[in-house]
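Sequences listed follow chains A and B, in order. Per my numbering, the very first residue in the first sequence carries number 71; after that it's consecutive. Per my numbering, the very first residue in the second sequence carries number 22; after that it's consecutive.
Hint data in this document are derived by calculation from the structure and do not stem from the laboratory. From the three backbone atoms N, C-alpha and C, an ideal C-beta is built for every residue, glycine too. There may be inaccurate statements among the hints.
[As the list claims (entries may be wrong)] Okay, derived cross-link-like pairs now, EDC-like style, lysine to aspartate or glutamate, Cα gap no bigger than 20 Å in a straight line:
| no. | chain 1 | residue 1 | chain 2 | residue 2 |
| --- | --- | --- | --- | --- |
| 1 | A | Lys320 | A | Glu287 |
| 2 | A | Lys320 | A | Glu114 |
| 3 | A | Lys361 | B | Glu206 |
| 4 | A | Lys361 | A | Asp169 |
| 5 | A | Lys361 | B | Asp110 |
| 6 | A | Lys320 | A | Glu194 |
| 7 | B | Lys87 | B | Asp98 |
| 8 | B | Lys65 | B | Asp110 |
| 9 | A | Lys320 | B | Glu199 |
[To be verified] Distance windows between CB atoms, simulated:
| no. | chain 1 | residue 1 | chain 2 | residue 2 | range |
| --- | --- | --- | --- | --- | --- |
| 10 | A | Leu423 | B | Ser117 | 31 to 39 Å |
| 11 | B | Asn64 | A | Met305 | 46 to 54 Å |
| 12 | B | Ser117 | A | Ala331 | 36 to 44 Å |
| 13 | B | Ala190 | A | Arg256 | 17 to 25 Å |
| 14 | B | Arg197 | A | Arg167 | 49 to 57 Å |
| 15 | A | Phe369 | B | Asn64 | 46 to 54 Å |
| 16 | B | Ala88 | A | Leu355 | 23 to 31 Å |
| 17 | A | Met305 | B | Ala190 | 37 to 45 Å |
| 18 | A | Gln160 | B | Ala92 | 20 to 28 Å |
| 19 | B | Lys87 | A | Gln358 | 46 to 54 Å |
| 20 | A | Gln388 | B | Glu199 | 40 to 48 Å |
[To be verified] A short list of chain B residues far from chain A (calculated; beta carbon distances all over 10 Å):
| no. | residue |
| --- | --- |
| 21 | His52 |
| 22 | Ser58 |
| 23 | Lys65 |
| 24 | Met69 |
| 25 | Tyr75 |
| 26 | Ala92 |
| 27 | Thr114 |
| 28 | Ser123 |
| 29 | Ala151 |
| 30 | Thr159 |
| 31 | Thr175 |
| 32 | His182 |
| 33 | Gln186 |
| 34 | Ala188 |
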Amino acid sequence: MKTRLAFSLALASLWHRRRVLTLVCLTLTLSVSLLLGIQYLRTEVRQSFTSTISGTDLIVGARSGQLNLLLYTVFHIGDATNNIRWSTFQRLQEDQRIDWLIPISLGDSYRGYRVVATDSNFPEHFRYGQEQPVNLAEGEWFSDVFHVVLGAGVARELGHQPGEEVILSHGGGRTSFSNHEDTPFRITGILEATGTPVDQAVYISLEGMEAMHVGWESGVAIPGRTLTPEKTRGMTFTPDAITAAYVGLKSPVLTFQLQRALNQSAEEPLSAILPGVALSELWRLMGQFEKALLGITGFVVITSLVGLVAVLLTLQAQRAHEIAVLRATGASTGLVASLHVIECVALALVSCLLALAVGAGLLTGVAPWLLDNYGINLTLRPLNPTEWALLATVPAAAALVGLLPAFATWRRTRTQGLGEIGE
Amino acid sequence: MKRFGYRLLLLPLSLLAGAAAASENPGAHQHGHAELSFAVDGNKVEVMFVSPAYNVLGFEHEVRTKAQTRALQQANDWFAGTPLIDTPDGTCTVISSEVHHSGPEQEQEQEQHHEGNEHEHEDHGSGHSAFEVIQTLTCPGVQNATTLITPLTTRLERLEHLDVQWAGAMAQGATRLEHSEQAVELGQ
Numbered sequence: 071m072k073t074r075l076a077f078s079l080a081l082a083s084l085w086h087r088r089r090v091l092t093l094v095c096l097t098l099t100l101s102v103s104l105l106l107g108i109q110y111l112r113t114e115v116r117q118s119f120t121s122t123i124s125g126t127d128l129i130v131g132a133r134s135g136q137l138n139l140l141l142y143t144v145f146h147i148g149d150a151t152n153n154i155r156w157s158t159f160q161r162l163q164e165d166q167r168i169d170w171l172i173p174i175s176l177g178d179s180y181r182g183y184r185v186v187a188t189d190s191n192f193p194e195h196f197r198y199g200q201e202q203p204v205n206l207a208e209g210e211w212f213s214d215v216f217h218v219v220l221g222a223g224v225a226r227e228l229g230h231q232p233g234e235e236v237i238l239s240h241g242g243g244r245t246s247f248s249n250h251e252d253t254p255f256r257i258t259g260i261l262e263a264t265g266t267p268v269d270q271a272v273y274i275s276l277e278g279m280e281a282m283h284v285g286w287e288s289g290v291a292i293p294g295r296t297l298t299p300e301k302t303r304g305m306t307f308t309p310d311a312i313t314a315a316y317v318g319l320k321s322p323v324l325t326f327q328l329q330r331a332l333n334q335s336a337e338e339p340l341s342a343i344l345p346g347v348a349l350s351e352l353w354r355l356m357g358q359f360e361k362a363l364l365g366i367t368g369f370v371v372i373t374s375l376v377g378l379v380a381v382l383l384t385l386q387a388q389r390a391h392e393i394a395v396l397r398a399t400g401a402s403t404g405l406v407a408s409l410h411v412i413e414c415v416a417l418a419l420v421s422c423l424l425a426l427a428v429g430a431g432l433l434t435g436v437a438p439w440l441l442d443n444y445g446i447n448l449t450l451r452p453l454n455p456t457e458w459a460l461l462a463t464v465p466a467a468a469a470l471v472g473l474l475p476a477f478a479t480w481r482r483t484r485t486q487g488l489g490e491i492g493e
Numbered sequence: 022m023k024r025f026g027y028r029l030l031l032l033p034l035s036l037l038a039g040a041a042a043a044s045e046n047p048g049a050h051q052h053g054h055a056e057l058s059f060a061v062d063g064n065k066v067e068v069m070f071v072s073p074a075y076n077v078l079g080f081e082h083e084v085r086t087k088a089q090t091r092a093l094q095q096a097n098d099w100f101a102g103t104p105l106i107d108t109p110d111g112t113c114t115v116i117s118s119e120v121h122h123s124g125p126e127q128e129q130e131q132e133q134h135h136e137g138n139e140h141e142h143e144d145h146g147s148g149h150s151a152f153e154v155i156q157t158l159t160c161p162g163v164q165n166a167t168t169l170i171t172p173l174t175t176r177l178e179r180l181e182h183l184d185v186q187w188a189g190a191m192a193q194g195a196t197r198l199e200h201s202e203q204a205v206e207l208g209q
């Protein structure tokens with residue numbers, strides 16, 4: 071009965087001062103939204119990063135650091151220090167421990183998007199996320215030397231459709247004056263959006279990469295020596311070198327054994343990295359930033375709670391009359407003090423609920439924009455236990471800070487000589 | 022702007038990505054630091070542990086006293102019989118174990134067999150020695166485990182941090198354990 075009375079009194083009191091407290095509640099809502107949003111983004115961006123590649127046991131490239139190799143082969147950031155010989159790739163193809171290999175050859179671009187030369191093993195074996203294959207949204211994979219398949223982001227940004235012709239550029243960079251104008255590529259397919267760097271690349275065959283570089287020397291086309299699509303009919307093209315290869319093993323147990331063998335290769339200096347391990351290292355480095363961000367957000371919430379206490383303490387002076395009436399009608403000091411704690415917790419709970427609604431609304435609105443602009447795939451999902459725990463700390467902290475005005479009120483009512491009977 | 026989303030986030034890291042050592046270079050040797058790798062396939066686990074001998078024995082010179090001989094023997098016995106990675110229920114058993122201790126003591130030993138060949142070993146004159154342990158384990162239930170335990174960080178007093186990496190059907194990953202941290206969370 072007493073508890074019910076305390077709740078009804080606290081709610082009535084909150085309603086009475088709703089104008090001031092609405093602002094406090096809004097501040098707290100924004101702080102909690104920020105805290106929850108940062109934690110949510112932390113989890114989702116990590117998931118998005120670690121889902122960039124899956125099912126690939128090793129990535130083999132020229133001798134380099136594991137992050138460098140991961141960044142230029144998977145994220146298309148930076149450039150390869152060296153290539154690996156085609157003969158080395160062929161030797162890997164004969165290795166009994168290896169199940170499949172996806173060759174990757176980089177170096178050219180299309181309006182700033184990376185051109186990735188590969189073979190039919192890419193659509194067959196490359197996986198991302200939870201072992202999801204790369205599917206075509208439209209058209210088909212390349213079956214000719216001058217066929218090209220576009221990532222979803224490239225097609226969307228540049229508004230391309232299957233059947234159109236594109237001119238690829240020599241080298242990286244967004245603007246290039248060296249274009250492979252004699253060898254236009256025809257778009258045969260557009261990939262489904264994956265939310266990974268796959269969306270931001272253009273895929274051609276290894277033969278296509280070789281063919282468009284015939285007659286090029288030192289990055290310049292020698293007039294009359296380049297090929298045209300007609301001239302390439304019946305010709306075969308074998309690369310001298312590739313940038314890297316994705317490796318799938320027959321058994322994961324062989325991973326470290328093969329990695330060691332490749333890293334100690336006497337024929338050619340190679341680096342074999344475990345993409346999952348490299349991603350973990352990458353996240354470990356980035357994790358420091360996101361932890362700092364979460365810490366700052368925590369302080370924002372604490373500041374809001376301090377603001378809440380300041381408001382409640384300020385309002386105490388205005389509540390002298392209300393408290394006197396309560397005491398005169400028989401309310402105990404404990405009951406009067408508990409009103410502050412209940413009010414704090416109620417405000418925090420309302421803020422948490424509002425923060426959840428704001429977060430869900432923002433995420434629904436922002437997720438497509440994030441996918442389009444940053445390739446980060448965020449989905450609306452139930453909160454995980456960590457996020458629930460983080461959310462629960464807000465009313466818990468509010469209850470704690472509510473003890474301050476509660477104690478002040480309890481002390482004041484006692485010194486006013488309105489203590490309970492028998493005290 | 023759009024295509025550079027990942028690039029913006031990761032650009033600073035590309036600057037941190039250093040070059041690896043060439044195959045001809047001697048391996049890094051850092052006291053207090055060791056590496057543990059394991060690969061899981063069904064119930065079978067292949068483990069490789071590489072550590073400077075200092076972390077294990079407290080010295081890297083050749084064995085000089087009976088106490089040092091005993092310490093080396095105890096270390097060899099422990100590596101031969103203790104699973105270096107285990108399930109929380111302790112279901113792992115060692116099927117096979119190879120313990121290699123390379124360093125001054127072995128050089129001296131082998132020099133006696135190969136007299137006159139002064140350039141037989143890479144580590145000649147470096148004064149460093151290292152342990153390399155390769156184990157094959159059988160671990161019922163390991164494929165469903167989300168946490169595994171290593172006894173290395175509590176057993177080896179001088180080990181300050183242990184870099185752990187794993188591969189398996191479940192995923193690949195890596196973590197760093199500090200001294201006395203035993204749990205390897207496979208989900209991270």
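Checked hints:
Distance hint between lysine 320/A and glutamate 287/A is unfulfilled; the C-alpha atoms sit about 41 Å from each other, more than 20 Å. Restraint check: the Cα-Cα separation between lysine 320/A and glutamate 114/A comes to about 31 Å, which exceeds 20 Å; the hinted pair is violated. Restraint check for lysine 361/A and glutamate 206/B: the C-alpha separation of about 19 Å stays at or below 20 Å, so the hint holds. A hinted pair counts as satisfied when its Cα atoms are at most 20 Å apart, and lysine 361/A with aspartate 169/A does not qualify at roughly 39 Å.
Restraint check for lysine 361/A and aspartate 110/B: the C-alpha separation of about 32 Å exceeds 20 Å, so the hint is violated. Proximity of lysine 320/A to glutamate 194/A is assessed by CA-CA distance (about 16 Å); at most 20 Å being required, the pair is judged to hold. Simply put, lysine 87/B and aspartate 98/B have alpha-carbon atoms about 16 Å apart, close enough for the 20 Å limit, and the pair holds. Between lysine 65/B and aspartate 110/B the alpha-carbon distance is near 16 Å, which keeps this suggested pair within the 20 Å criterion.
Of the supplied pair hints, the one linking lysine 320/A and glutamate 199/B is violated, its CA atoms being roughly 33 Å apart against a limit of 20 Å. The supplied range of 31 to 39 Å is broken by leucine 423/A and serine 117/B, whose beta-carbon atoms lie about 59 Å from each other. Against the hinted window of 46 to 54 Å, the Cβ-Cβ separation of asparagine 64/B and methionine 305/A comes to about 52 Å, which satisfies the hint. The given range of 36 to 44 Å is broken by serine 117/B and alanine 331/A, whose C-beta atoms sit roughly 19 Å from each other.
At about 40 Å, the beta-carbon gap between alanine 190/B and arginine 256/A misses the expected band of 17 to 25 Å. For the pair arginine 197/B and arginine 167/A, the beta carbons lie near 28 Å from each other, so the given range of 49 to 57 Å is not met. One distance hint, 46 to 54 Å for the beta-carbon pair phenylalanine 369/A and asparagine 64/B, holds here, with the actual separation near 48 Å. Distance hint for alanine 88/B and leucine 355/A: a CB-CB separation of about 43 Å, inconsistent with the stated range 23 to 31 Å.
Look at methionine 305/A against alanine 190/B: about 42 Å separates their beta carbons, and that is inside 37 to 45 Å. Checked against the given bound of 20 to 28 Å, the beta carbons of glutamine 160/A and alanine 92/B, roughly 49 Å apart, lie outside it. Between lysine 87/B and glutamine 358/A the Cβ separation comes to about 48 Å, which falls inside the hinted range of 46 to 54 Å. For the pair glutamine 388/A and glutamate 199/B, the supplied restraint of 40 to 48 Å is violated, since their beta-carbon distance comes to about 54 Å.
Interface exclusion of histidine 52/B from chain A stands, the closest Cβ pair being 22 Å apart, more than 10 Å. With a least CB separation of 5 Å from chain A, serine 58/B falls inside the 10 Å interface cut-off, contrary to its annotation. Remark: the non-interface label on lysine 65/B conflicts with the geometry, its nearest Cβ contact in chain A lying 6 Å away (cut-off 10 Å). For methionine 69/B, the condition that its CB be more than 10 Å from all CB atoms of chain A is violated, with the nearest at approximately 6 Å.
The beta carbon of tyrosine 75/B sits about 23 Å from the closest Cβ of chain A, which is more than 10 Å, so the claim that it is off the interface holds. Residue placement check: alanine 92/B keeps its beta carbon more than 10 Å from all beta carbons of chain A (closest about 28 Å). Even its closest Cβ contact with chain A, about 17 Å, leaves threonine 114/B beyond 10 Å, as expected for a residue assigned away from the interface. Under the 10 Å C-beta cut-off, the non-interface status given to serine 123/B relative to chain A holds; the minimum distance is some 15 Å.
Even its closest Cβ contact with chain A, about 15 Å, leaves alanine 151/B beyond 10 Å, as expected for a residue assigned away from the interface. Chain A leaves threonine 159/B outside its interface by the beta-carbon criterion, the shortest separation being 12 Å against a cut-off of 10 Å. Every beta carbon of chain A lies more than 10 Å from that of threonine 175/B, the smallest distance being close to 23 Å; the non-interface claim holds. Against chain A, the non-interface label of histidine 182/B holds: every CB pair exceeds 10 Å, the least being about 12 Å.
Not every Cβ of chain A is farther than 10 Å from the Cβ of glutamine 186/B; the closest lies at roughly 5 Å, contradicting the non-interface assignment. Distance to chain A contradicts alanine 188/B as a non-interface residue, since its nearest Cβ pair spans about 4 Å, not more than 10 Å.
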